[in-house]
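J.: Below, each chain spelled out in residue letters.
Number of protein chains: 2
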Amino acid sequence: MARIKPHTLSGFMELLPADEMRMERFLDTLRRSYALYGFTPLDTPVIEAADVLLAKGGGETEKQIYRFMKGDTDLALRFDLTVPLAKYVALHYGELTFPFRRFQIGKVYRGERAQRGRFREFYQADIDVIGDGKLDIMNEAEIPAVIYRTFTALGLERFVIRVNNRKVLNGFFAALDLTDRAGDVMRTIDKLDKIGPDKVEAILTGELGVDPDRARRIMEFISCPGGTEDKLAFLEQYRGRNETFDAGLTELATVVEYLGAFGVPREYFAVDLTIARGLDYYTGTVYETTLTDHPEIGSICSGGRYDNLAAYYTDKTLPGVGIAIGVTRLFYVLQEQGMLSEDVLTAPAEAVVIPMDRECVAAAVRCATALRDAGIRTQVYFEDRKFKQKIAYADKAGIPFSLIIGGNEAAAGVVGLKDMAAGEQETLSPEAAAEKINLALAERRAGRLISG
Amino acid sequence: MARIKPHTLSGFMELLPADEMRMERFLDTLRRSYALYGFTPLDTPVIEAADVLLAKGGGETEKQIYRFMKGDTDLALRFDLTVPLAKYVALHYGELTFPFRRFQIGKVYRGERAQRGRFREFYQADIDVIGDGKLDIMNEAEIPAVIYRTFTALGLERFVIRVNNRKVLNGFFAALDLTDRAGDVMRTIDKLDKIGPDKVEAILTGELGVDPDRARRIMEFISCPGGTEDKLAFLEQYRGRNETFDAGLTELATVVEYLGAFGVPREYFAVDLTIARGLDYYTGTVYETTLTDHPEIGSICSGGRYDNLAAYYTDKTLPGVGIAIGVTRLFYVLQEQGMLSEDVLTAPAEAVVIPMDRECVAAAVRCATALRDAGIRTQVYFEDRKFKQKIAYADKAGIPFSLIIGGNEAAAGVVGLKDMAAGEQETLSPEAAAEKINLALAERRAGRLISG
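First to last, the sequence lines map onto chains A and B. So the first sequence is numbered by the working numbering: it starts at 11 and just counts up by one. So the second sequence is numbered by the working numbering: it starts at 11 and just counts up by one.
Fair warning: there could be bad hints in the mix.
Copies of the same chain are indistinguishable here, so a pair counts whether it falls within one copy or spans any two.
[As the list claims (entries may be wrong)] No more than 20 Å apart at the CA atoms, straight line, and that leaves these computed lysine to any residue pairs for SDA-like: (1) 80 <-> 60; (2) 326 <-> 105; (3) 144 <-> 397; (4) 201 <-> 227; (5) 15 <-> 105; (6) 406 <-> 394; (7) 241 <-> 263; (8) 400 <-> 141; (9) 73 <-> 85; (10) 398 <-> 106; (11) 15 <-> 106; (12) 326 <-> 12; (13) 66 <-> 12; (14) 15 <-> 82; (15) 73 <-> 84; (16) 15 <-> 60; (17) 209 <-> 410; (18) 398 <-> 246; (19) 204 <-> 229; (20) 66 <-> 279; (21) 80 <-> 317; (22) 80 <-> 121; (23) 406 <-> 434; (24) 326 <-> 410.
In case anyone wonders, no lab produced these hints; they're calculated from the structure.
Could you build all of it, start to finish, from the sequences and the hints given here?
T.: Written out as structure tokens, the structure reads:
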């Protein structure tokens, strides 16, 4: 037979079973954490009409899009989960209850140039709160709590949720009479971490034509030292010069004020005046989250407040706030950094029942049924191999418990329970074995995916 | 601004939030049930190289496929989960432990003619056990247990797992010297339920040129009456005429023998000699599952044993057994039949905390944090509306509990817990409220998705 060489496209993640178990744990933790905040799960098609998906048009994204004809229909694969959300809310507006809180975890597609750690198919995990006409600032204050609980549930310990407010920046630039260049200035500031203050100032005074005095004031502003309280105090000095600035500062102070009530420890939070988020889309609070020990990774969870989600589809004003986690890339990076815990159960099963020979198969099956009834993920090793090979299977598959049933055990209605790591074996009833396994695994089942 | 009319492509399911909650419950139940049998979760790309996906080539499927170029690369969207599995096992052969047990739940794509209840993007939920060189018959015996537990966990009560064995059919036809027409004969038999015995016999003696005597013997064979034991006894009469038949009968008897040990009640199981499964691919046990009260729906879970999974990719012999559930279509049908339970929680949250005014917001947030810590899916209603409108939100969103906090409650550190269905309200601490909610919801959380 003519054979095709099997391969997986580059830029597409395909994990081996143990890593896939870790990924499932990752996704499941996100689902649970998002759901805890009353976000409802949503699922939209991967394929949409190209005119719908590209209503906004534009730029870099459009070049990367997977777009094709099927019959007479011009189709495209979604490149993010925000455009499908905008479509969904505009389309089903009358059937939704506002504020509408949804999360969506799904694959999106971007035909980027393939390179290490960049993916063309990747999971994104988004939450958004959409208001009908207006949306209270408290929704922005709640977002850090979701981020904190989510990453903590994953096991991350050293991360910082960085927050800024676009009104503060816009107002500051307006006060400096730089509104016409605010977008360019913000995009430049956004690069501070990457290129350093000197280069930022050089671009401001060079390319952007900001005079040295105002450039110095911008640098002073974004370099403001100290913790959250110091920064708020620093910003208070500017109050009264610009209305937008004042509104933004009040919002920022509100977000800070409620951290404690939301259960976010202060050390996980920072006001960072350099965060602008490239997109012109954001209008209020903006968020970035960085790993304390790996700043080079950049933000692992970003988002912000926007004033109009679905202007391309409806005349309804739909303000919202949302964040997104680029799951596939983050998972890849955590894997590369060795930060995925070795303690998480990654075997296909928690127990494997091994009948010594054909006569013991019925007893083995009954034992497996009892274990499954007790909630234990169980296999039976049915293959006709030597005993040594059967045990070698349990070992190679990394299954933590094996239950061995020979003629004597079958006759007596008991099993030989072997803890594969400890190497110890004891004889007991299937029900007692189930209890023992559940007890022994309780801690590992609850264990966190990420260590450190 | 120029607006695009938002729409979702026909043949693509997009659910409103309450139904999406039901779908999530469906998928989650499948995941848990499959995992309980020691199948490991797998995820493969939606996009594959067209030459890999179409290695087998052929027929109806190829016309339906979504295929397109991106740059110089010829791509296609997966149309099932079996071909990606074959590729995966061939590609990662050296890194897998056999028998390899995997489940995969994911979207697949077929550009079928759009019609009611047919989808172009749909979830399929597959399990397969793949052997390296050989695979014990007991793996085929275990499949009915997985089907039984899965549908029972969903809440289905009246369904039958129908089983046949291709060797029994092949051997029977060989004994009649009809091997050259066995494929056509089986495809005809497969239509028995749809077109009736007279038409089947007419096709056999007409189109297929089977002489009347042998046609009568075929009809007698497939019309064999009685229950499972009667059918096995009936088949025993044929033993000794053909080796393949004898092997198949022994396999079928084995599958029946272990039902009890696997915990499958007899009334959920039937030997059905008319099941051939159209695909030439199957070589041993074949399965179909039908709803007792809705035979018109056809099989809701089908599959069988095959001798070589990945012949197009590798010279390794990889026999296996697997089943698939067409989730999206099944969900649609259950919805249409009114079989989805109304008791399942479908609200975005289980509780909503409502601060009476701005001053109570911090207390409301603290209360919500306490509820979330207790595992309760909780929203806070932050919008500045009249109290009546706030309560109307909880009502409209279908959230079962609201917790009202006014100035007095905030000062005393208590909340007014309102059971929205009962209309009763009582005052207690946030922790006591959490306990009460968890207790009240325990039953509904455990409730089955399908009623009847």
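J.: Could you work out which earlier hints the structure fails to respect and list their numbers in ascending sequence?
T.: 17, 18, 20, 21 and 24
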